[in-house]
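Novice: Take the sequences, apply the hints, and build the full model.
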Amino acid sequence: MSGAFESRRALVSGGAGGIGLATARLLAERGARVAILDRDPAISRDAAATIEGVAVVADVRDAEQVAAAVAQAARDLGGPIEVCVNAAGIYRIASLLELGPEEWDEVLAINLRGSWLVAREAVRGLVAAGVRGGAIVNISSTAGLIADASEPGAHYNASKAGVIALTKQMAAEWAPHGVRANAVCPGVIETSMLRLMDDPVAGQTYLDHQVPLGRLGQPEEVAAVIVFLASDEASYVTGVAVPVDGGVTSI
Amino acid sequence: MVGHVSRDRRQGGVSGNRAIVTGAARGLGEAVASRLVADGWHVALVDVVDEVETTAAALAATAPDATVVGIVADVSRENDVERAVTQAADVLGGLDALVNNAGIGGSDTPVVDTSLDAFHRVLDVNLVGSFLVARAVATVLLAQGSGGAIVNLGSILGQRGEAGSAAYSASKAGVTLLTQALALELGPHAIRVNTVAPGNMATEMHWEYVRDLAAQMDVGFDEARDHVRSGIPLGRHGTGDDIAGTVAWLLSDDASYVTGQTIGVNGGVVLS
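Residue numbers (this note's numbering), protein chains in the order written: chain A, 1374 to 1624; chain B, 5 to 276.
What the hints contain is simulated information worked out from the structure, not anything from laboratory work.
Some hints could be false.
Claimed, not checked - Estimated spans, in silico, between C-beta atoms of each pair:
(1) A/1581 to B/62: 44 to 52 Å
(2) B/227 to A/1466: 53 to 61 Å
(3) A/1473 to B/125: 45 to 53 Å
(4) A/1566 to B/114: 48 to 56 Å
Stated by the list, open to error - Now the stretches of chain B that chain A is said to cover, found in silico as 3 or more residues with beta-carbon under 8 Å:
(5) 181 to 194
(6) 229 to 239
(7) 256 to 267
Quick caveat, the model's predicted, so the values are computed rather than measured.
Where is the CB? At the ideal position from N, CA and C, for every residue including glycine.
Specialist: Written as structure tokens, this is what we have:
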């Protein structure tokens, strides 16, 4: 049952807002003890307070900070992290001809390297504690599956496609430890990251013509899929990337 | 819990709890029907074998408040399907969901040794059958106008071909694209359509394949089974409960923005 996260220890990077916060909240509702990891101490603390969770702080690009934060979360929660959700990420729009190398590196470092570093520390914790089992859920994007000339971001797309490849490799390498790894690929979700509706008319036209369900998704709807993948309901599901996009990638 | 999560929370979910499960007499279909009944659904079990009535009666005994009915029908026959879906909708008082699970394996045969009849039979049950049932159920759902959800059973062999599986692979790949087309057509009506693609499952259909494999490898059944298992990252065969968990999720509002997708339930076999 996906309701049963009874006392399970979870960590959500980027858990202070958007899809990350919705996921942290849903995990807590279903019985998990949750650590929120964010770069900003105050933001992390305030978000954790809303779900009676714990707050840890790290820049996910930094291996030492990540190791310290994941270890701190495990100490505060009373054992190794069993559910690790990699929701920390940034979105940038820039055409290939204008995009600068610094921005490219920043997007790849946060979205891709960060996902690897956080999950690596969580699984290291499980293995060191001799705990078999665990679930990783990485946030990719429909942008990791399809291109979009009207809202270009090759660095973002590459980072999210990279997350899918990373997920499959995690699934293959960590299966012997009983750890499952899956990804979700959100489409147009109503968060502060969304740019689609900056032009409401064009945005509505997109929803009418490109989204079979004809509407934006809510962060809670992505969280519900993440929580399913993290649950025992998905105990034979590993290495998959599930679009949560109202059908966009079916077109 | 998944089946109980406030189903009327959002557009795109399933507002009721009345489902048809095909191929439900035994195996994965029975496991799915059993799970749905346990979650509080009213379920019509459809199968080509009479045994479906026994299965339904046994399930009904576990849930006194649920309406559980067994209907004998061949999903590859248009008249059977129309009759079965009409009967299910009558008995259940409408429909909200379909699990299109009925399927046959076909034998492990190279294309050059496959007769036209044998190829047709696999396509007729797995692909045409899924179309016929989905068409009949979608017609009911559209008339009701209250949304719904359809889950079609594909296969890992519909995502990746394998020698000796041409008919089966083609039928299951067809199911995946049937799902996509249906999702696009039915999305505007808040009806979601997805595929669950099982890998190596502990079912009679798979053990048949393992027996063929044992003969080819000239080894015993256990050795052939262990050979298959060694190629599964999670190190075990899947169970009916594994499939039922994913189907129950896809039918629930926890999947309210998921449509047109194929979800592998395969222990990590397709990693490339």
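Novice: Compare the structure with each hint and give your call.
Specialist: Each hint tested on the structure:
At about 48 Å, the beta-carbon gap between residue 1581 of chain A and residue 62 of chain B stays in the expected band of 44 to 52 Å. Between residue 227 of chain B and residue 1466 of chain A the Cβ separation comes to about 56 Å, which falls inside the hinted range of 53 to 61 Å. About 60 Å separates the C-beta atoms of residue 1473 of chain A and residue 125 of chain B, a value inconsistent with the hinted range of 45 to 53 Å. For residue 1566 of chain A and residue 114 of chain B, the Cβ-Cβ distance of about 51 Å falls inside the hinted range of 48 to 56 Å, so the restraint holds.
Counting residues of the region 181 to 194 of chain B whose CB lies closer than 8 Å to any CB of chain A gives 6, so the stated coverage by that chain holds, three being the minimum. Coverage of the region 229 to 239 of chain B by chain A holds. Counting CB-CB distances below 8 Å, 3 residues qualify, and the rule asks for three or more. Given a C-beta distance limit of less than 8 Å, the hint that chain A covers the region 256 to 267 of chain B holds, as 10 residues qualify and 3 suffice.
Violated hint: 3 only; the structure is consistent with all others.
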